Each structure stands twice: as structure tokens, then as C-alpha cells.
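Undergrad: Place chain H on chain C using the hints.
Those sequence lines, one after another, are chains C and H. With the first letter of the first sequence counted as 1, position 7 gets the number 7 in the numbering used here; the numbers rise by one all the way through. With the first letter of the second sequence counted as 1, position 98 gets the number 98 in the numbering used here; the numbers rise by one all the way through.
Treat the hints with care, since some could be wrong.
[As the list claims (entries may be wrong)] Computed cross-link-like contacts, EDC-like style, restricted to lysine to aspartate or glutamate with a CA-CA straight-line distance of at most 20 angstroms:
1. C/Lys124 / H/Asp267
2. C/Lys124 / C/Asp98
3. H/Lys68 / H/Glu220
4. C/Lys34 / C/Asp14
5. C/Lys15 / H/Glu140
6. H/Lys241 / H/Glu140
7. C/Lys32 / H/Glu140
8. C/Lys43 / C/Glu62
9. C/Lys126 / C/Asp115
[Claimed, not checked] Each pair of labels, with its calculated beta carbon distance range:
10. H/Phe203 / C/Lys126: 32 to 38 angstroms
11. C/Lys43 / H/Gly328: 31 to 37 angstroms
12. H/Glu76 / C/Asn64: 51 to 57 angstroms
13. H/Asp292 / C/Pro103: 37 to 43 angstroms
14. H/Asp70 / C/Lys126: 49 to 55 angstroms
These are computed hints drawn from the structure, not numbers from a lab. Just so you know, these numbers come straight off a predicted model, no measurement behind them. Even glycine gets a Cβ: it sits at the ideal position worked out from N, Cα and C.
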Amino acid sequence: MSLEYGPAQLLPGDKIAISTDTSTEPFWQMAKEKKLTACQCAKCGHFRMPPTPYCPECQSREMNWPELPGTATVFSFAICTRSPYSGEPLIYVPVVVDLDGAPGARLVSNLVGIDAEKVEIGMKVKVDWNPIQDGWLLPVFRPV
Amino acid sequence: MVWINQDRCAIVGVGATDYYVRGQSHPRTINDMVGEAILKACDDAGISVKQIDGFAYYSGAQMGYGDKADTASLMEMLGIPEVKFTAALTSGGGGAAGAVGLATAAIMNEDATHVVTVMALQQYKQRLGTVFGASAPSPENSFLQPSGLVGPGHLMSVLARRHMHLYGTTRDAFAEIVISQRENALNREGAMRRTPLTKEEYFASPMLADPLCRLDFCLETDGAVAWITTSTERARDLKQKPVLIHAAAHGGQREWGRAFAWMGMPDPHFGSSGHKPIGDRLWQQSGLKPADMDVALIYDHFSAMVLMQLEDYGFCEKGEGNDFVLSGAIRYKGGSIPVNTHGGQLSEAYIIGATHTREAVEQLRGVAVNQVDDAEFALVTGGPASLPVSGCILRRA
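In isolation and in its complexed conformation, chain C is listed as follows (with noise of 0.2 angstroms):
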């Protein structure tokens, strides 16, 4: 069964906030330089998302903030009909996607500029930045 839907949207930036702490921080200062970034272990280069103050495989502190070429793979998805916001009719896909460059790591993230009912598994996406509260960037995904 195929239900249509129509364009996916973006969320209204004006309604969206993040908080960040000594562990995030470096993934939204880069993100507002447009460049996506992953929590990587300086020590083992395992990598982490959301980023905290551990490496989970071998407990070190050291962090690097690689550039990502910011391509990513859809893994799953959902289409949702409601404004978070208002309760009004709209349609929006929330995407869990695995990052390139950064195995291991994912990102939950809104994917755009497609028809939400054309959205697949394993389909290749790229990034692109939603203007958010406080100055913020955040990353968002279009299709290749």
C-alpha cells in the first residue's frame, strides 16, 4: 500500500532550539561553518554521536572533530503528518541516517526536497543547514 503525502518540509527553524555543553559544543561551532563533524576518539578513532565525554571503547578523553564529507545512507525513517509545534497538518520525515565517513555514528535529522512517500532505505542523502534559534545551524538532508 502506497499513501502520497506530498513534498516533505522543512521544520520552521524559528521554533527549533538546541542546548550545548563542554562535550556537544564542537559539533554546533561547526556546524555553523556549515561542516559536519562527528565525535571521533583521538586515541582509538572510534567514533560516538551525540558526542560525551568518553570513548566508550576504550574510555579515553581525547577528542577529534573531523570534517565529514557529509553524505550519509538513510537507515530508517518515519513520515509524520502533525506540526510538532501547532498540531497543524504537515508533513515532515524525520530521518536516522549513517554518517560517510564516520562508521558507527548516526545522526536523527529532517530529510527534505523529495516526496515524502519516494523516501527509501538505503538511499543516499547530503547535507544541507537549517538556520535554527540563537544563531544556530542545523544539519538537515536533501537527496544526492
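TA: This is chain H only, laid out in the frame that chain C set:
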């Protein structure tokens, strides 16, 4: 290795308030409902509330997701003279079925003699369905909440999608779970949804988070449920036939972790319920197997998670939940493992899993509305969610 506490403690009383549509318990207070459930459980057991000397909560003693039980306040309110054990399993509804293990720990350690477990939910100020969107984003959930996955149903639809992708699972199976449980609620007094549901009506239900439609989501209700645990020895002198705690486990693996609050789970954990380690421990503790269960009270916050738990507990192979469910296996009438014979959280009421323990007790006393013939063993599970998740096997005395 048989669990050393097997059958040494028992649930001896259960109590519940009426169940209300979300918000309609107002102007009752949460403590008013908690008190009613506890007093009714004591009355059912044939003990005085003053005999309660232990509290074994789950969900961090939160009552829903905005209220919290406080043992000292309950002691003042109910006149409980002394407490000797008060603790909670951490996180949320995942611990619902494991709280009997915590109560067993209190009793077998000889800290307390009569332990109460209680859960209450009142969604007057904040709906549970959108709870995550209502909170200010922490640094951690700043990696989740901006995606617009604001409710538990949104989050679990992403897991359901992966399961469908990997194993060919269909919405027909979700429909069968919802429809079979609705049938079980038809004669359940106090159930929220007691009209028959057709497959056509299911597929006409609006999509809230494709692949899950509104009818895949559990109810939003208010109410309270409590039960009393004591030693099996003491239980013999009480009013009811005791229901033995045969096995109990809570916990889980890092690969599941915070689950859909994280979304980092590798396959096959992603399209699962996180319950496999719990199932493995329960079968090991008891020496039983899934086929030995007479009835299963499976935490059904969302229909798809029932299917994944059936796989994780080994009622069928991983990835075969679709065909298993569609074979009629979970039906009260004619099924090999009747599931949620009270209608469950999809059709009876949602009190964060506590209603399932109530139903297990009724089944094993032989007084359930949809009584399974000669029921001896009941499996009860907690909600697939951030760890711990939990399960228990209860046994007829």
C-alpha cells in the same frame, strides 16, 4: 541455574482506580488515585495498609511523566508507621514487569514484609503523547528533538520501519495485533475501547507517524494500579490465592541502550524490542520455554513493539513475527499464546504497564474476563524503551 528466589514471594493483592480518558480524572489529585489503588490492593489481600513496610517502584518512582510518588508523603497520607525498604527501578516503563523482582529483593533480604508497587498516571497538565517535545532540549536530546520526533509513537515508527524493511513485516500484522486486543476488550468492564474493530476501520485510521497509524498507538488514560508482594509463606494466611513470582529480570544490553532516544542501535537490535537478554535470562532462571506460557501480557504502547517482543522472547524466530501474528497465534480464542487478554494498553487502559500485572494476577487466580483454561504460567513484560527493560513469569499457586 534455577533462580534462588523462585516461587518464594507472591503477589497477594491488586487494586486499581477506574480508568479515565486522558485528563478526565481532574480534579482528583495523583495522590488521591495512588491512595485508592493502594488501599484497594490491601483490602484485596486482606491486610491493613499499616502493614505495608516496603515500596518497590519502577520508572524512578515517577507517576507518569510529570508527577512523582514520594514514600514519605504516602506514609503521612495513609498512616504507614514505618518503612524498611524504598527503592525504584530506574528510567521509565521498561521496568514495569521487573518491579516484582525489586519487591522480592526487599523481602528475601528480610528488609520488608509487605511491599507495595504502585503506578499512577494523570495527563491533565501534560499529554504523554507529546512529552518529549514539551521539555526544553538538553544537550543530549538536542540531537533528537529538532527532528520533530516529539512523541514516543514518532520514535517507535522509525524502529517499525526498519523491521518492515529487513523482514518484510506488514501493516496487516500490526492490524491483527490491534484487532485481536480490541476483541479481548469487548467484555472488559472499565475498558476504554469496547466496540469491535474491523480491518477496514484500522486501515482508515489516520497515519500519525507512517508506518504507524492512530490505532497502533496506545490509549492516553488516567488512573492508578497497585499490588502487594509478600513472602509465599506469609501469603498462605491471606485472603487470596497467591500468585507466585517464578522468575523476574530487568536490565538489557548497551546495543539497545537509550533505544529510540538514541537511534544508534546496530542491526538486529534496531528493529527489536531490546528484550532478548531479558527473555534469555527468564528462560534460564526458570528452565521454562515460551511454549510453557499459558498467557502473555506484552507491553503494548505501540502495536509493532508487541510483534518485536514476541520475537525477542522466542515465541517465534527473529523476523517471523509477521507470519506468527497473522496465523492467529495471539488470539484469545484458538491462539497458541493468548496475548493481552484484557485488551491491553491499546484498548483497555494505559497506566504505564501496571494493568498487565493486574491481568496476570486475575488470570492466575482464574477470575479473568477472558480466562485462559487452566492457566499456570503468565509472562509479563515492561515497555521497550531506554534500559532497563524487564519481564517476569508469574505462576499459579
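Undergrad: State for each hint whether it applies.
TA: So, going through the hints one by one against the coordinates:
| no. | hint | in the structure |
| --- | --- | --- |
| 1 | C/Lys124 / H/Asp267 | holds, 19 angstroms |
| 2 | C/Lys124 / C/Asp98 | holds, 10 angstroms |
| 3 | H/Lys68 / H/Glu220 | holds, 18 angstroms |
| 4 | C/Lys34 / C/Asp14 | holds, 18 angstroms |
| 5 | C/Lys15 / H/Glu140 | holds, 18 angstroms |
| 6 | H/Lys241 / H/Glu140 | violated, 47 angstroms |
| 7 | C/Lys32 / H/Glu140 | holds, 18 angstroms |
| 8 | C/Lys43 / C/Glu62 | holds, 7 angstroms |
| 9 | C/Lys126 / C/Asp115 | holds, 16 angstroms |
| 10 | H/Phe203 / C/Lys126: 32 to 38 angstroms | holds, 35 angstroms |
| 11 | C/Lys43 / H/Gly328: 31 to 37 angstroms | violated, 54 angstroms |
| 12 | H/Glu76 / C/Asn64: 51 to 57 angstroms | holds, 54 angstroms |
| 13 | H/Asp292 / C/Pro103: 37 to 43 angstroms | holds, 42 angstroms |
| 14 | H/Asp70 / C/Lys126: 49 to 55 angstroms | holds, 51 angstroms |
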